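**Student:** If you want the building blocks of each chain, they are given just below.
Protein chains: 2
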Amino acid sequence: MQASQKQQDTGGPSGSKGTPRIVIIGGGFAGMMCAKQLRRAKGSIQLIDKRNFHLFQPLLYQVATGGLSPANIAAPLRSIFRSQKNVQVLMGTVVDFRPEEQLVLLEDGTSLGYDYLVLGTGSTHHYFGRDAEWERMAPGLKTIEDATVIRRRVLSAFERAEKSTDREEIRRLLTFVIVGGGPTGVEMAGSIAELARQTMRYDFRAIDPRDARVILVENSKLVLDRYHESLSKRAGADLVSLGVEVMNETRLAEILHDHVVVLHQGNPQAIPTETVIWAAGVKASPLGRKLAERLGMAESLDRGGRVAVQSDCSLAGHSNIFVIGDLANFTTPDGKSLPGVAPVAMQQGVYVGKRIAALIAGRTTGPFEYWDKGNMATIGRSHAIVESGNMRLTGKLAWLAWLFIHVLYLARFENRVLVLFQWFWNYVTRNRTARLITGAEEAMIEPKNGDNS
Amino acid sequence: MQASQKQQDTGGPSGSKGTPRIVIIGGGFAGMMCAKQLRRAKGSIQLIDKRNFHLFQPLLYQVATGGLSPANIAAPLRSIFRSQKNVQVLMGTVVDFRPEEQLVLLEDGTSLGYDYLVLGTGSTHHYFGRDAEWERMAPGLKTIEDATVIRRRVLSAFERAEKSTDREEIRRLLTFVIVGGGPTGVEMAGSIAELARQTMRYDFRAIDPRDARVILVENSKLVLDRYHESLSKRAGADLVSLGVEVMNETRLAEILHDHVVVLHQGNPQAIPTETVIWAAGVKASPLGRKLAERLGMAESLDRGGRVAVQSDCSLAGHSNIFVIGDLANFTTPDGKSLPGVAPVAMQQGVYVGKRIAALIAGRTTGPFEYWDKGNMATIGRSHAIVESGNMRLTGKLAWLAWLFIHVLYLARFENRVLVLFQWFWNYVTRNRTARLITGAEEAMIEPKNGDNS
Chain A
1 MQASQKQQDT
11 GGPSGSKGTP
21 RIVIIGGGFA
31 GMMCAKQLRR
41 AKGSIQLIDK
51 RNFHLFQPLL
61 YQVATGGLSP
71 ANIAAPLRSI
81 FRSQKNVQVL
91 MGTVVDFRPE
101 EQLVLLEDGT
111 SLGYDYLVLG
121 TGSTHHYFGR
131 DAEWERMAPG
141 LKTIEDATVI
151 RRRVLSAFER
161 AEKSTDREEI
171 RRLLTFVIVG
181 GGPTGVEMAG
191 SIAELARQTM
201 RYDFRAIDPR
211 DARVILVENS
221 KLVLDRYHES
231 LSKRAGADLV
241 SLGVEVMNET
251 RLAEILHDHV
261 VVLHQGNPQA
271 IPTETVIWAA
281 GVKASPLGRK
291 LAERLGMAES
301 LDRGGRVAVQ
311 SDCSLAGHSN
321 IFVIGDLANF
331 TTPDGKSLPG
341 VAPVAMQQGV
351 YVGKRIAALI
361 AGRTTGPFEY
371 WDKGNMATIG
381 RSHAIVESGN
391 MRLTGKLAWL
401 AWLFIHVLYL
411 ARFENRVLVL
421 FQWFWNYVTR
431 NRTARLITGA
441 EEAMIEPKNG
451 DNS
Chain B
1001 MQASQKQQDT
1011 GGPSGSKGTP
1021 RIVIIGGGFA
1031 GMMCAKQLRR
1041 AKGSIQLIDK
1051 RNFHLFQPLL
1061 YQVATGGLSP
1071 ANIAAPLRSI
1081 FRSQKNVQVL
1091 MGTVVDFRPE
1101 EQLVLLEDGT
1111 SLGYDYLVLG
1121 TGSTHHYFGR
1131 DAEWERMAPG
1141 LKTIEDATVI
1151 RRRVLSAFER
1161 AEKSTDREEI
1171 RRLLTFVIVG
1181 GGPTGVEMAG
1191 SIAELARQTM
1201 RYDFRAIDPR
1211 DARVILVENS
1221 KLVLDRYHES
1231 LSKRAGADLV
1241 SLGVEVMNET
1251 RLAEILHDHV
1261 VVLHQGNPQA
1271 IPTETVIWAA
1281 GVKASPLGRK
1291 LAERLGMAES
1301 LDRGGRVAVQ
1311 SDCSLAGHSN
1321 IFVIGDLANF
1331 TTPDGKSLPG
1341 VAPVAMQQGV
1351 YVGKRIAALI
1361 AGRTTGPFEY
1371 WDKGNMATIG
1381 RSHAIVESGN
1391 MRLTGKLAWL
1401 AWLFIHVLYL
1411 ARFENRVLVL
1421 FQWFWNYVTR
1431 NRTARLITGA
1441 EEAMIEPKNG
1451 DNS
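Protein sequences appear in the order of chains A and B.
Counted the way this note's numbering counts, the first sequence spans residues 1 to 453.
Counted the way this note's numbering counts, the second sequence spans residues 1001 to 1453.
By construction, these hints were calculated from the structure, which means they are not laboratory data.
One should not assume that every hint holds.
[What the hints assert, rightly or not] Interface residues of chain B toward chain A, partial, derived using beta-carbon atoms under 7 Å:
no.	residue
1	Q1198
2	Y1202
3	R1205
4	V1261
[To be verified] Per the computed footprint, the stretches of chain B lying under chain A, defined by three or more beta-carbons under 8 Å from a beta-carbon of chain A, are:
no.	region
5	1039–1053
6	1068–1082
7	1227–1236
Since this is a predicted model, take the numbers as computed values, not measurements.
The beta carbon of each residue, even a glycine, is placed where N, CA and C say it ideally should be.
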């Protein structure tokens, strides 16, 4: 205890004066992989995150629809780094930077000194200027709390419909509008349709859950429009076969307490509903802007708030400050900006980890190169689309590929077996065991500003 | 849809005019077992609960200490009664009764008519007249939300200690006071001690979690003092061996934001702490009082608010109204009042189910008789005490008995295999995979009065 206390005072986990101090902000794919890659580096690492866990975001929609529990897709950062003694995990909120003193400032008034700084705080929802109004009405899906809020709203709508005798109210309660036809929107729409039509089919007495309308609103002509057209079309057809109403070329115009207004090819249409889920826009974490401003390079931010980085993921003129993952705007040599997806974040994390280790050792590295292994999206419990180079898969085979890849990634965490088991169990029983409506009462116990938030 | 809608209008799930209407309030052990027992009865049953799930409360402390996920110990009531077509599950809050019209009134303004009424809404925390002050400072352990609040506070205390450089603050943050040496208090104390000393032993860099003080405050001379003295003593010794400081003959006098004051044999002592967990008092659900008042029999309530019931669990003069479980004050022929434990609730549920079925069929039954199979409490992950008749077990064997019984009960639910698997996994790895700090942010998304509360 004495000894470790002293180490803390001298600024790092197992470091001492003179050991390079590496501060990594954000324990997502980018930050976590970076810290892992540094396991043999001669540096003392502080990994700071607002939460005490790493979240496997690609499966968050499963939590939102009761298929998995939060703990199935989250691993405590302390467990992940238990045996990596050069990493100290800190739970805290970074609020500012003082680059001239090489300091990161935390909300609680403390600060962390760094020789190398890595920022990977990702992205958050973006309601196109309507944040204040729409955020409460149409929760997005970025955090565990988002997922449990959506789970509560979706399940509560069925519960309220079962008690209602007003046909219009029942119709409204059983209408679910998902805004955005990207991977998250497609996964949510498919999952809610399956929940209603399969999982809960025999659970009610007054209503028939199969009457539920699941409406996916998408701006462009096809869902998943970044994929090859044949895959996008197939995904749309898969959704329809699950009972989802896909409204392409449709834009959300208004969210009110009992209906939404959409513009289909410019024509307004009101859809009575009380459950709207946001899967449309994301914007970069505000810490990117804060850092850029403090470095006098706010002009390096793009429209979405992402920070432009060099070919080594560092900021121009600051070779010891890196931005990685969804927060980074990395332009490839052929002029394309890399998308905000997990593989990019992970590869950048690994790269920057290697680069810092090399710099500490007095060596250097080549530029970051993204190896695009392909993309995949899942539609319900047995369909997916996969695109990798010229290979394109659909249907069951694609779904198996999707499952394999996701289990493989999860295999890095200790709860891998549990998730696989839970999946298998749900698959066999067609059930979703995590269908709990929780939280409303919690808000009554905990104040708005939780004692530990 | 048409057909089931009509049934709803005539007052029940698969009933029609003339079919006896049975309303069961509360989906805990008592109400759930009652509804199950009525599966072949010629009646239409409405089971109403504030939540959409049945909770296996005996394992709630595992959620509070990160060993299990909420969904592991909760099963959606709709799943449980999916194939029992004479049961309609309703999620709603009962606020009043109109016995003269045989109506139950819900918060949303609707009402349910009954021919038979079963009330089994259990108990809630009781802070001996200090509810308003103490409830926020010292959460109890009755609901899933309680458990996640406690989990957040306990884990956050370690997180804050890791960041602190103030020795006194660290000491205070690493001190956990559990009030009440009954089964819940003993389980919580043992679990927190194991969490600190085993699970998280290698997780921190600045603090040593083994320095955590876990203090169990108990009024009487021994913990678990309803058990045979030899077992109580053994439980106390087991706790000490896990590193728990057991303070017997000690009463909580004050809870303040950074310390508590206890009276040990009358002498005041201040203990600096920020985490206090309440496992001391319970009182009956207020619906018991409401019902008794409406029936003009408020004098039948005991000090804890329990409703005195007849030998058939009905209320005096109201042979069609039953109160069961923790809410009932059942006096055995030899003058003892049955304790508020799960086996009593389950047996009363089964009995009243049988009795209502018999009454509908024009038959009758004998009085309720409690078959006391014994009691058990667990202390950490490999110790327990078991008492059954003249048989007394301690240590590992008792723990295996405890595990067997609990898995057996859970076996009624679909998530039985998952829990067993999670347990086994945690046991082998000495890990707790559900160590998530969540919820504070949720309070910011959802208003105090949630849209669906």
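**Student:** Could you check if B/Q1198 really has its C-beta closer than 7 Å to a C-beta on chain A?
**Tutor:** violated (12 Å)
**Student:** Within the assertion that chain A covers the region 1227–1236 of chain B, do at least three residues meet a Cβ-to-Cβ distance smaller than 8 Å?
**Tutor:** Since three or more residues must qualify, the claim that chain A covers the region 1227–1236 of chain B is violated, with 0 doing so at under 8 Å.
**Student:** Please check whether B/Y1202 passes as an interface residue: C-beta within 7 Å of a C-beta belonging to chain A.
**Tutor:** holds (5 Å)
**Student:** For the hint on B/V1261, just tell me whether its beta-carbon gets within less than 7 Å of chain A.
**Tutor:** violated (20 Å)
**Student:** With a cut-off of 7 Å on the beta carbons, see whether B/R1205 makes it to chain A.
**Tutor:** Because about 4 Å separates B/R1205 from the closest Cβ in chain A, which is inside the 7 Å limit, the hint holds.
**Student:** Can you confirm whether chain A covers the region 1039–1053 of chain B, using C-beta to C-beta distances below 8 Å and requiring at least three such residues?
**Tutor:** holds (count 3)
**Student:** Is the coverage entry for the region 1068–1082 of chain B by chain A consistent with the three-residue Cβ rule at 8 Å?
**Tutor:** holds (count 10)
Of the numbered hints listed earlier, those contradicted by the structure are 1, 4 and 7.
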